[in-house]
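S.K.: Chain residues, written in single-letter form:
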Amino acid sequence: MVISKANLSLRLKGIPQPVWQAWWTVLMFGFMYLPIAVLAFYSFNESAISAKWTGFSFKWYSRFFHDERILQALSDSLQVALGSVTIAAFFGTLMAVGLARYRFWGRDIYQNVVYLPLIIPDISIAVATLVFLAAMTVPLSLGTIVASHVVFCLAYVSLAVSTRINSLDSHLEEAAQDLGATPFESFRLVLLPQLYPAIISGCLLAFVCSMDDFLIASFTAGGGINTLPMEIYSRIRTNLTPDLNALSVVLIVTSSLGVLLAEFIRRQSQAKRSRV
Amino acid sequence: MDPELFLPKPRSRRQFLKMAASGAFGLGLSQMLSGCGWQLGNVRSGQSNTSSPNELFLYTWAQYVDEELLKDFRRVTGLRTIRELFDSNEKMMAALQAGKGQTFSVLYPSEYFIPKLIKANLLAELDHDRVQGLDNLMPQFRRSAGDWDNHYGVPFAWGTTGLIYNQEKIPEGIEDWDYLWKNKEKLTRKMTLLDDSREVLGCALKSLNYSLNEVNTDRLKKAYEKLTILKPHIASFTTDGWRTQLASGDLWVAMGYSSDAIGLLKENPKLRYVVPKPGASRWSDWMVIPKAAPNPNAAYQWINYLLKPDIAASVAQRLAVTTPNASAIPLLPQELQHNTVSYPTVEVMARCESMTALTDEAEKLYDKYWTQLTS
Amino acid sequence: MASSPFSNSSKSWSQRLEPFLMLVPAGLWLFLLLILPTLLIFELSLVPGIKPGDLVNPSSLVNYFKIFEPSVLWVILRSIGLSIATTLFCLILGFPVAYWIALLAPKRWQNLLLLGFVLPLWTSSLLRTYAWISILRPTGVLNTLLMILHLPTVDVMNQLPAVLVGMTYSLLPYMVLILYSSLEKIDRRLLEAAADLGAPPKDVFVNITVPQALPGIAAGVLLVFINAIGDFVNPELLGGPSSMTAARLLYSRFLGASPDWGMGSALSALLIMLVTLVIVCLIKYGDKNARAI
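Residue numbers (the working numbering), protein chains in the order written: chain A, 1 to 276; chain B, 1001 to 1375; chain C, 2001 to 2293.
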C-alpha cells in the first residue's frame, strides 16, 4: 500500500512520464496538422487530380502568383479586413473604455449586445444584414461588407480591451486627473498606452476573422466583389482547385508568422510589465 | 468608402425612423403587426451606380470563362471585363433580386428563362440600331420562344444535355436515362446530377416519355417520385463540381451539358458523351442587358464583339462551345465542325426538345418538388 | 484662468458630452446592423412567401408551420443530431489533450503546446475543409494510402460521416481551449493531497478533477454546439444532397434556386431562439471561461 501511494504521488509531482494522455495528445496534434500537411505536400505535386505522387513541381506556385483573380480577391479581402478592423479598433476601444467608466441605465444590455455576434450563428447575422440592407434599399458593395464586418470586429476588440481594463489600476488615471490632466488627456496619455497590447491583439483576432469570413461577405457583397473566402468557395464548388494548394501554403505561412509575431509582442510586453 | 452608403435614402427615412423608434421602444413587434406594411427593397432600375465607365461586369456560367477573350476585348476596346459566376438560372435571379445586380451589364440566362426575367421587369430591350451582325445568326436563333427577333437578347452558345461517363468503369455504355435507375446500386455516390430544377426534373420527365415542359400535376409528381428513388445514390447536385472528379475516377457518370463534354472528351479519351434516350433538352444561353446595367455602352460593345464571325469562331474553339453564329462555322477547324457532340446528328436532334417558360402554377410546382428534392 | 467660469462650464460640457462620444458611435452601429436587422428577421418571418420587392405586411405564422413540415423538420433534427455528435466527439477527443497540457505537461511548455494546438484555427477554414475533401474523396489521400496498405477502402465523402469529421476538426481547438482554461485552475496540490491520502487515480479524477472542471465542460459543450449548429461550410462542401442541415437550408432560402425570404427568416429566427436557449443554459451553468473565446 505504502509503495503504491508513493508511486502515485511521484507520478503527479515529478517529471511526467509518457502517460496515455501524452500519446493521445500527440495523436490529436497529428489530427490537427494532417490536413495542413496534405495541402502543403500536394502543392508540390505535378498532377492536379491524382492523390498519388506524380513528380515534384513548382508550377502551382508560379500559377498562383500569376492568377489575377486570386490576387484581386486577396486585395478585396485585405481592404475589407483593414477597413473594418480600423473602424472597430477606434469605436471599439472608445466603447470599452466608456463601458468601464460610466454607469448608466441599460449598460448591461449594451454590454451583452456587444458580444452577441460571437454567439448568434454567422448565417443568421448574414441573412439579417441582407434583409436590413434590402429594406433600406442600400445597394450592396464593398462598403456593405465592411459595415457588416465591423459588427463582429467590435466584439473582438472590446472583449480584449475590457479584459485589459479590468486588470488595470484605475488610480493611475485618477492621479493624472488630480494633477491637472483633462479626462481626454488622461485617456490619451495614461490609459491608452496601457491598452495598446490589448487593442493590437483584439485587432489581430478581428482581422483574422474578417479575412476568414465567408458567409457574411457572400450575403453582403455587391456583384463583382469577391473576397478571398468567396473566391476559394467558388473554386471548390466549380472544381477549379489546383492552385488552391499553393494558396493555402502561402496563407498558412503568413498567418503562422503573424501569430508567432503577436505571441512574441505579447511576451515582450508581459516581460516589460513584470519588470515594472 | 462612401459615407452616403450608410444613410437611408430619403424616401425610406420616414419608415426608417418609424422602425428605429419601434425597435427602441423594446421590440415593437406588435406595433409592426398592426401598422401598415413597408416595402422590402428591390433593385430599382436606373439606380445611380458607382461603377467606372471603363469596366464591364459579366454574370455568366463557369464554362464560359475565357480569359483570353477578356484580354483581346480589352486590347480592342480598352474595357476591363470582370466576370462573376452562377450555376443555375434561378440562383442568378435570386442574387439579382437580393440586390447584387447593380454592377452587371451583361447576363447569360438560358433561353427559357428570358421570359421570366422580362416579366420581372429586369431586362432592357435591345436597341437594334446598336447591334451589328444579327444576320450572322442561324435562323432558328432569330426567333425563339419568348424572344422573337432578338428583342431582348443575342444567343451565345447552344447545345444538348446528356450524360458524360467513364468508358473504363462503364464498358457497356449508357444509352438511356433509365440506366441510372437500373444501376443505382453500382453507381452509388459515383454519379452527379445538375444543380438545375428544370434540367433534373426534365430528365426524369423524359425518362417517363413525357415532355420537358410538362405541366400536368400527376406526371410531374411521378417524375419527382422517380427522382426520390435516385436521390440517396447521387453524390451531389452540381453544375460544375464534377469535372476533375470524373477525371480522377471519383465519379463514373455525371449529368452535364454538351459544351462541357467537348473539351473534356478531347483531354480525356476515357470519357464518352451521350444524349440519352428517349430524349433530352436542347438549350441555348443568351446574352442580355439588364435594365439596371451601369454600362450599357460596354454591353453593346461586348455583344457586337461576340457577334463577329471570327471572334465567335475563336471562342467556340477555345471554350469548345457550339456557336449559333452561322458565319462562324466555316471558320472552325474541320474536326470541330464534324464533332457529333457539338453538332449532333439529325437523329439525335430529333429526340431533343427545347425548354419553354412555364405558367406560374407549374413553376410553383417545379419549385416545390425541387426544394423537396434538394433538402 | 483655470477657475474661470467659462473654462469650467466648457469642461463640464465636454465631460457631459464624453460618454456620448464614447458610447454612441459603436452603439449606433450595433443597433443599425445587428439589433434592427434581427428584429426585421422576426418581422419578416411573419410574412408568407415574401420576395424582394414585395410589400411587407406581417400577417401569419405560415412560415413557422412550414418549418414543421416533415421534410424541413427532418433537416432541423438532423442538424441538432449532427451538432450533438460533433460536441460529443470534441469532448471525448479534446478532454485528454486539455488534461495533459493543463495538468501533466511541464509548466513552461503549456503555453506553447496550447498555441500549437490552436494554430490551425488561424488558417482559412475553407481551405481546411478543402483539405478534408482531398483526404476523404473516393480516390483521395486516405483511400490511396489504404490501397497501398492493402486494406479495404472507405466511402464517406458526400455523407454525414465526412461532415462529422470536418466539423469535429474545426471545433476541437475551441473545446480544448476552454477545457484547458478551466482545468488549469485546478490546484495540483489538491490532486497530490488526494493521492497522498490514498485515493486511487480514478477516484481522484471522478471526485476532484471532473467536478472542478464541470463549468468548463459545460461551457465547452454549449459553445461547440452553438458553432456546430450554425456551421454552413462543412455540411455544404463535405455532405452530399442527403446531409442537408438547417444552415444550408437557410442559405438556399435566400440565395438558392427558389428563394423564400419569409420561410428563411422563420428558420433564422428559430435558430436564434435555439441558440439563445443554449446561452441561457450557458450563463446559468457555465462560468466566465466561455467569454474568453
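Among the hints, a few may not be true.
Here are the simulated lysine-lysine pairs, BS3-like style, with alpha carbons at most 25 Å apart [to be verified]:
(1) B:K1368 to A:K52
(2) B:K1169 to A:K52
(3) B:K1270 to B:K1184
(4) B:K1186 to B:K1119
(5) A:K52 to B:K1270
(6) B:K1270 to B:K1091
(7) B:K1364 to C:K2107
(8) B:K1221 to C:K2066
(9) B:K1277 to B:K1119
No lab work stands behind these hints: they were computed from the structure.
S.K.: Hint by hint, note whether the structure agrees.
M.R.: Verification of the supplied hints:
1. With a C-alpha separation of about 43 Å, the suggested pair K1368 of chain B and K52 of chain A falls outside the 25 Å cut-off, and the hint is violated.
2. Between K1169 of chain B and K52 of chain A, the direct Cα distance comes to roughly 20 Å. Compliance with the 25 Å bound is thereby established for this hinted pair.
3. Taking the CA atoms of K1270 of chain B and K1184 of chain B, the gap is about 21 Å. The hint holds against a cut of 25 Å.
4. This hinted pair does not check out: K1186 of chain B and K1119 of chain B have alpha carbons roughly 44 Å apart, beyond 25 Å.
5. For the suggested pair K52 of chain A and K1270 of chain B, the alpha carbons sit about 19 Å apart, so the restraint of at most 25 Å is met.
6. Note on K1270 of chain B and K1091 of chain B: the hinted pairing is violated, with a Cα-Cα distance of about 33 Å set against a maximum of 25 Å.
7. A distance of roughly 64 Å separates the Cα atoms of K1364 of chain B and K2107 of chain C; the hinted pair therefore is violated under the 25 Å criterion.
8. As the CA atoms of K1221 of chain B and K2066 of chain C are separated by approximately 20 Å, the hinted pair is consistent with the 25 Å bound.
9. Under the criterion of a C-alpha separation no larger than 25 Å, the hint pairing K1277 of chain B with K1119 of chain B is inconsistent with the structure, at around 34 Å.
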